[in-house]
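Trainee: In case you want the letters, here they are:
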Amino acid sequence: MQTTWAYISNYCVYSAMAIFTISFIAHAFETAFAVRAPEAADSTDGNLLLKTLDYKRTEKTARIATAMMILGFILLLAGIVARGISNGHVPWGNMYEFSITGALAFTGAYLAALRKYDLRWLGLFVSISVLLTLGTAITLLYRDSAPLVPALKSTWLVIHVFAAIISGGVFLLANVVAGAYLYLDRLESRGPRPAWLQRVPSLEVLDQLSYRLVAFVFPLWTFAVIAGAIWAESAWGRYWGWDPKETWAFITWVAYAAYLHARVTVGWRGRRAAWLCIFAGSTFLFNYVYVNVWGTGKHTYSGL
Amino acid sequence: MSKEVEVPELGFLALIRYAWRQLTSMRTALILLMLMGVAAIPGSLIPQRITNQIAVREMFTTNPELAKWYDRFSLFDVYGSPWFSAIYILLFISLIGCVLPRSVEHYKAMRAQPPVTPKNLSRLEHHQEFAGGAETLDRATVWFKKNRFRVRIEGNSISAEKGFIRETGNLLFHLSLILILVGVSFGSLFGMRGEAIVSTGERFVNVATSYDSLSFGKLTGEKSLPTFEIKLDKFLGEYDPVTSAPKDYTAWVTITYQGSTYKKEIKVNKPLTFGNTRVYLQANGYSPVVTVRDSEGNVALQGPIPFLPQDGNLRSIGSIKVPDAEPQIGFVSSFVPTNARTTDQGAVSIFPELLDPKLLFSIWKGDLGLDSGIPQSVYRIDTSKLEKVGLGSVKPGETFTYPEGSITLEMVIPWVNLQFVDDPGKSYALIGAILAILGLLSSLYGRRRRIWVRITSGGVEVAGLAKNSAPGLDVEIEKFVSAIRGEK
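Chains as they are written, first to last, in the working numbering: chain Y, 1 to 304; chain W, 1001 to 1488.
Hints in this document: simulated from the structure, not taken from any laboratory. Take these hints with a grain of salt, some might be off.
Claimed, not checked - Beta-carbon label-pair distances, calculated as ranges:
id	chain 1	residue 1	chain 2	residue 2	range
1	W	1107	Y	159	32 to 40 angstroms
2	Y	115	W	1485	28 to 36 angstroms
3	W	1227	Y	159	47 to 55 angstroms
4	Y	159	W	1011	49 to 57 angstroms
5	Y	275	W	1378	50 to 58 angstroms
6	Y	261	W	1046	25 to 33 angstroms
7	Y	158	W	1378	38 to 46 angstroms
Because the structure is a prediction, the values reported are computed rather than measured. Glycine included, each C-beta is placed from N, C-alpha and C at the ideal position.
Turn these sequences into a full structure, and let the hints guide you.
Mentor: As structure tokens, this is what we get:
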């Protein structure tokens, strides 16, 4: 019975990957074909760069892309739930499970933001990163469904890991936006944007968006760290012990605190703020990858 | 004659004032904050004494020169090092210097009336004009009251303000950080931490001599130990048959505390609590129960000997020291709970439960050096001055005989490592943490804004101003306008 659920989970994750691939192709198609060749009128003043965009031509593809993203999200969610049933506990016991849940959180953050902002230009990037994450997870990090080690048997597992994964998903989305800002900033300093990037919002909007994402999720990250401390107190006998994972969680916290202060109090905007945001996000990623794979300490369980 | 150049002399007080202003400036605070993040990094890459003592010792043997330099810069104790402490102490002084004056200012601002309505509202954002009379002011007063704005009514205008929660939250957040720091220091000054290995059937009495290791904070001592006893009745470790991964650990204990005796269960996430002291199930292993006899058959040693686990299948090492035998005897031993039936690899365990236990040893005679005054590991024997007399192994119930006597493995019982912690500062840290989150939420989501309304000869004028260019004021003003126009 348990293995049946584990198989269902794996099929769901594989299907989600297939769906995300379709979404990726649709996004790529849309990005490429929404551009229409310049009309004769444009070329009279010699400005061939100003190609026009016509989204009507690719509207259908765009809808498919987003629909596939939603379908992929649902399949991945189903895969994670099935994994949980197979395990007999929340599926957050090893790095494979963290990774697929992280991919879900990342997709979820994108889809939620899509409801409010016109972010479809980001879909290409989101779908490929989710694909890469899932691919790495299922090939390199895959572990058979297994019971939890005693230290993880706690309600705090759900609370702490949930908060950390959601925070991670949003932090990384903020990083992507900040990265897009820096890229476009460089392009714009040389001349007008190429046609396929004209849909991307203005630099000010990107700048604001990455800040909003961080400001929205920073309290949740604070909560994740505190929930971890409360849990550590009951599992390990101390609420803070400078375990490598704890240390890097602290560094991430400090980096984002510095980012928020730099923006709100000192008034940093634009390039400097984007770099600081990316730096802070990298400390989170480093914590996830380095400490889980090569690190020592109390946060390494059962292989990965 | 040249005139002396007059140098404006900075007095001592002025110098201090200058230093204080520099330290409490936002720029310095920001630099210190980033510096603290950077300073925390080496502690996660270099082994630390507080988390991995063994790795530190290893470093001193494999690379003594580097280890010496690391140690000189406290790199094995980063989080207690002078330079790390310097950063966070400066940061907190800077924080206090910044937050306290702001709290006073904020308190005054909260008690003060909103500022007077500006003369020229049309220059401000969200400016609107429409027809209306004095009744709009009444409606505005009602609306402001309902929406909890603080108002200043002056003649034909109202100035209203809301959103002090932003700054209140901000200050609360920073003050809570100070509370967390107080909690942490309180815990380290008045706390206690100790460990003890207890074999099944043994009784732990909470006095200093029962501990294998025990340390107190600077301002407390042995007198603070509460009186209680714990007897380990049974311990059970359950493991996954395929992966050997642990599934569950449970210790059943009998407790004597405050005059009553009762039974309890300890699990990894369920510690025992005695007042402020908590008892955690931290590790477990096996104690072979042995009887060692001399050549005449007299019992020289009997009892459980805790062995130290070396891997996930609980292959354990230990030493059985018999100082009362003549000559003294020592067994350098390994113990495997489930013996692998391979002969070439020595002691190998293939499962952590007691399926096929086996004790393997080499026997040594001579002076064990127990009286030399040099502290020894209970798990090891220094055999450099001893003479080897034999090599053997026993299963439960078996006896191995050698020229100087015999050893019998009676049975094997589990032991648990209990960790005892008293941290009186943790509740302050927890309260600080909760307040910090509340403060953070209000400071990040709170919006401070002002709305003005004035009756002019031409009609009604409305304008608003959002601090920190917070969004949402346009919607709010729209609602306000429709309310005071009586549109409901």
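Trainee: All hints are to be evaluated individually against the structure, with a verdict given for each.
Mentor: Here is what the structure says about each hint:
1. 1107(W) - 159(Y): 32 to 40 angstroms: Hint holds: Cβ distance 36 angstroms, inside 32 to 40 angstroms.
2. 115(Y) - 1485(W): 28 to 36 angstroms: Check passed, 32 angstroms falls within 28 to 36 angstroms.
3. 1227(W) - 159(Y): 47 to 55 angstroms: violated, 36 angstroms
4. 159(Y) - 1011(W): 49 to 57 angstroms: With a Cβ separation near 56 angstroms, residue 159(Y) and residue 1011(W) satisfy 49 to 57 angstroms, so the hint holds.
5. 275(Y) - 1378(W): 50 to 58 angstroms: holds, 54 angstroms
6. 261(Y) - 1046(W): 25 to 33 angstroms: Given about 29 angstroms between the Cβ atoms, the range holds.
7. 158(Y) - 1378(W): 38 to 46 angstroms: holds, 40 angstroms
Hint 3 from the list above is the single one not met by this structure.
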